[in-house]
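Position chain B relative to chain A; hints supplied.
Just so you know, the protein sequences line up as chains A and B, in that order. Residue 46 in my numbering sits at position 46 of the first sequence, and the numbers go up by one each step. Position in the second sequence (first residue = 1) + 207 = my numbering.
Worth double-checking, as some hints may not be accurate.
[Said to hold, decoys possible] With a Cα cut of at most 30 Å, we get these calculated DSSO-like pairs of lysine-lysine:
{"id": "1", "chain 1": "A", "residue 1": "52", "chain 2": "B", "residue 2": "367"}
{"id": "2", "chain 1": "A", "residue 1": "186", "chain 2": "B", "residue 2": "479"}
{"id": "3", "chain 1": "B", "residue 1": "473", "chain 2": "A", "residue 2": "186"}
{"id": "4", "chain 1": "A", "residue 1": "99", "chain 2": "B", "residue 2": "289"}
{"id": "5", "chain 1": "A", "residue 1": "99", "chain 2": "B", "residue 2": "379"}
{"id": "6", "chain 1": "A", "residue 1": "99", "chain 2": "B", "residue 2": "367"}
[Unchecked claim] Residues from chain B that keep clear of chain A, each with C-beta distances beyond 12 Å, as calculated:
{"id": "7", "residue": "289"}
{"id": "8", "residue": "309"}
{"id": "9", "residue": "348"}
{"id": "10", "residue": "359"}
{"id": "11", "residue": "389"}
{"id": "12", "residue": "499"}
[Unchecked claim] Only some residues are given here: those of chain A computed to face chain B with a beta carbon under 7 Å:
{"id": "13", "residue": "26"}
{"id": "14", "residue": "100"}
{"id": "15", "residue": "194"}
{"id": "16", "residue": "198"}
Just so you know, the hints here were simulated from the structure itself, not pulled from any lab data. For glycine and all other residues, C-beta sits at the position ideal for the given N, C-alpha and C.
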Amino acid sequence: MKRSTLHAMLVAVVICTAPLLVLAARVGQVAPDFTATASNGKTFRLNDYRGKYLVLEWHNNGCPYVGKHYRSGNMQRLQKEWTGRSVVWFTIISSAPGKQGYVTASEENEYLTKMHAAPTAALLDPTGEIGHLYDAKTSPQMVVINPQGIVIYDGAIDDRPTTDLSDIAGATNYVNLALEQAMDGKQVQTPATRPYGCSVKYPDSTH
Amino acid sequence: MTCAVRLKGPKKSQPNKKMRANDSSRRLSTALTFGVALVLCAAGAQGAETSIPHGTLELVAENQWVTPGHEFSLGLHFQLEKGWHIYWVNPGDSGEPPRVTWQLPPGLSPGVIEWPAPRRLGTSSIVDFGYEDAVTLIVPVNADSSLAAQPLARLGAEIKVLICREMCIPGKTELSLTLPVKSRPPAADPRTRDLFAATRKELPRPAPQDWKFTVNDAGDSFVLAANVTPQITQAIFFPLAEAQIDNSAPQILRPLAPGFRLTLRKSDRLLKPIERLKGVLVLSGNHAYLIDVPVTKRGAQRSNSGSGIQEIQSSREGPVK
Numbered sequence: 001m002k003r004s005t006l007h008a009m010l011v012a013v014v015i016c017t018a019p020l021l022v023l024a025a026r027v028g029q030v031a032p033d034f035t036a037t038a039s040n041g042k043t044f045r046l047n048d049y050r051g052k053y054l055v056l057e058w059h060n061n062g063c064p065y066v067g068k069h070y071r072s073g074n075m076q077r078l079q080k081e082w083t084g085r086s087v088v089w090f091t092i093i094s095s096a097p098g099k100q101g102y103v104t105a106s107e108e109n110e111y112l113t114k115m116h117a118a119p120t121a122a123l124l125d126p127t128g129e130i131g132h133l134y135d136a137k138t139s140p141q142m143v144v145i146n147p148q149g150i151v152i153y154d155g156a157i158d159d160r161p162t163t164d165l166s167d168i169a170g171a172t173n174y175v176n177l178a179l180e181q182a183m184d185g186k187q188v189q190t191p192a193t194r195p196y197g198c199s200v201k202y203p204d205s206t207h
Numbered sequence: 208m209t210c211a212v213r214l215k216g217p218k219k220s221q222p223n224k225k226m227r228a229n230d231s232s233r234r235l236s237t238a239l240t241f242g243v244a245l246v247l248c249a250a251g252a253q254g255a256e257t258s259i260p261h262g263t264l265e266l267v268a269e270n271q272w273v274t275p276g277h278e279f280s281l282g283l284h285f286q287l288e289k290g291w292h293i294y295w296v297n298p299g300d301s302g303e304p305p306r307v308t309w310q311l312p313p314g315l316s317p318g319v320i321e322w323p324a325p326r327r328l329g330t331s332s333i334v335d336f337g338y339e340d341a342v343t344l345i346v347p348v349n350a351d352s353s354l355a356a357q358p359l360a361r362l363g364a365e366i367k368v369l370i371c372r373e374m375c376i377p378g379k380t381e382l383s384l385t386l387p388v389k390s391r392p393p394a395a396d397p398r399t400r401d402l403f404a405a406t407r408k409e410l411p412r413p414a415p416q417d418w419k420f421t422v423n424d425a426g427d428s429f430v431l432a433a434n435v436t437p438q439i440t441q442a443i444f445f446p447l448a449e450a451q452i453d454n455s456a457p458q459i460l461r462p463l464a465p466g467f468r469l470t471l472r473k474s475d476r477l478l479k480p481i482e483r484l485k486g487v488l489v490l491s492g493n494h495a496y497l498i499d500v501p502v503t504k505r506g507a508q509r510s511n512s513g514s515g516i517q518e519i520q521s522s523r524e525g526p527v528k
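One chain only, chain B, in its complex shape:
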């Protein structure tokens, strides 16, 4: 699909009535949409684009064609108006993550979304986990080796997404992309190479093997400790499961030599002990790591008790409204 075609039809989904009522903001959003589209054209991105409330959504492919027997990646690129956000797989205190229903030809099977590390958003009493500005959700797709070569395979997706600022607007849209199926080895599409490369940089990765993590159940909190060598001045933990930690409670970082200790207040809704704490740990410099640590109980260690050691509260937060 060419850029010229995309520029003509970016308003497929139903804008909310409230949006319609505000003409000037719509004009601005249209201008932004076209601006974004132009930038993407200039960068050479390919794909199908549609509007969502207060933003646009584009479906892009990493490769130029589908090769039977090989996995390839699709990307859902969200571009949001300033101040609006969508949600991570665990949305936090409110909201809902985007949901995708794929319509793929037989022989193509989608994997799970690879979620970039989120940000803390919201107020001091209600904290959500999500993305502002722009984010790309990569979905690996497996192409069965029995898939027959064909000139065009239609890759369709129905996306439900909640977009919020002070208020929330649910959006629902459909997108599709057509790619040829060829028996030739896969080849990256130069138009989307930068987008996929930049997105992969944002994906949480396994922590280095020599980093040792422990999680202690200290009654009203979990204490996550790590013996990492670099000096850590910032650490934020994003739990994969809901209702394990109190999302809005400050996460108290205590640098140790070596490593650090991060105190995470438990959720009031966590009524049973958990065996493992899984999530994404974002450390100084925006390095995000996937961690999955068994929870041990070593007596009732008092958390947050005063000591001479400097304590740092999590500060990598979105705008507090």
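Next comes chain A alone, as it looks inside the complex:
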């Protein structure tokens, strides 16, 4: 994306009080850039990772759908497998202060240790800015971005929209499929699904 276009978009973000849907991430288009502070204190910018595959995972530790994938170890397995294959994995927490899933940096670090989670970083988004930029509706919502910076998957983690741990075995995992197909040079066959889970707990005042 041209820098001038990006600037125009940023200005639009500031002045636009109407829904930001037009600017939200879409499959097949360039992933909107953002800069965020992680629970480990480091700053991460999305566009610094051009050349790598990225996974964005919307997270809320109190959500039973997220619980399904963490208590079973499913999410941690995915994080370990794909970061082991040079994929950059950002867990993003867009819960507002006082709402379910909101954590301080140290609380999130404790959680990551306790759950043996292995994302590249857990990004704190208490204003919901990144969430709205990607029009994230649920936790866990998953986004996959290719090395050219194009969104190649946006939606559910798998095809079983339930809170049952027993539904993980045998489910079709859309993140695995998107990454495997893209890395094989193929078209991603299921590039968009309805993300399932709990609504993202944005601040009341936004939108």
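Here is chain B on its own, set in the frame of chain A:
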């Protein structure tokens, strides 16, 4: 089953830890549960009742007995604490509809749930479709003609239901009801007659035959038009399929003479054209209609463009939190 028995045992399922922690709200919920049970007793409803997180669930039958060779209806009556909701068959942006696994004797086969028209719930950026307060889901059950008469047939159901307010709690419970099987013609149970009648009123029905609907694919939106004669000041469309329309986008109503036009923004996740738009259309006065309209593409009609005609945004929404 009598009301006295139901009043004794309404707390079968496992309350969530968070609920337990809050004693005063539990006392309130218990009081509400008993209050609801008393009201139901007074109204004479029959059935089996159990608790679910922040509410109760009752299994009721429309008829006094099962008659082989006839269809009859069961009802799942949800009563929820204020502010809590459950979901429609298409839950919208988040959540999950109730799921029922029936345990019925051989010869009895359940049909699909008849879903009353839902409401828009949620915030301005995340919109769900569901029910607050109370709702009854009717399920028709076919009784095979070969079914033998028997004193008691046990009709069991395992129900998984997600109950949400600001946060969501999954509930799982089992209920059963016993009815005799008789060769006599079916007879309605006077204790549940009002509940079933009121619920059927809420069910979406086919639109009158002289109403003509069209759906135009206008690029970034679908434009649903109808030539209905009554003056329409409110219209909300609930899509049956997920990821067709943008659930949180305002639905723009433009009254025409005659009829109206409703502009529905497409979902960003709709990557392929669709052949038909199916769903429930709720018009002024809470009249709900099932519609199934082929989608046509007539050039790139600009939606939402300014004009002198008054536009009305959907306003039949739940509390915006």
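Structure-based check of each hint:
no., hint, result
1, 52/A with 367/B, "violated (41 Å)"
2, 186/A with 479/B, "holds (19 Å)"
3, 473/B with 186/A, "holds (27 Å)"
4, 99/A with 289/B, "holds (19 Å)"
5, 99/A with 379/B, "holds (25 Å)"
6, 99/A with 367/B, "holds (25 Å)"
7, 289, "holds (19 Å)"
8, 309, "holds (18 Å)"
9, 348, "holds (25 Å)"
10, 359, "holds (32 Å)"
11, 389, "holds (39 Å)"
12, 499, "holds (20 Å)"
13, 26, "holds (5 Å)"
14, 100, "holds (5 Å)"
15, 194, "holds (4 Å)"
16, 198, "holds (5 Å)"
When held up to the earlier numbered hints, the structure conflicts with hint 1 and nothing else.
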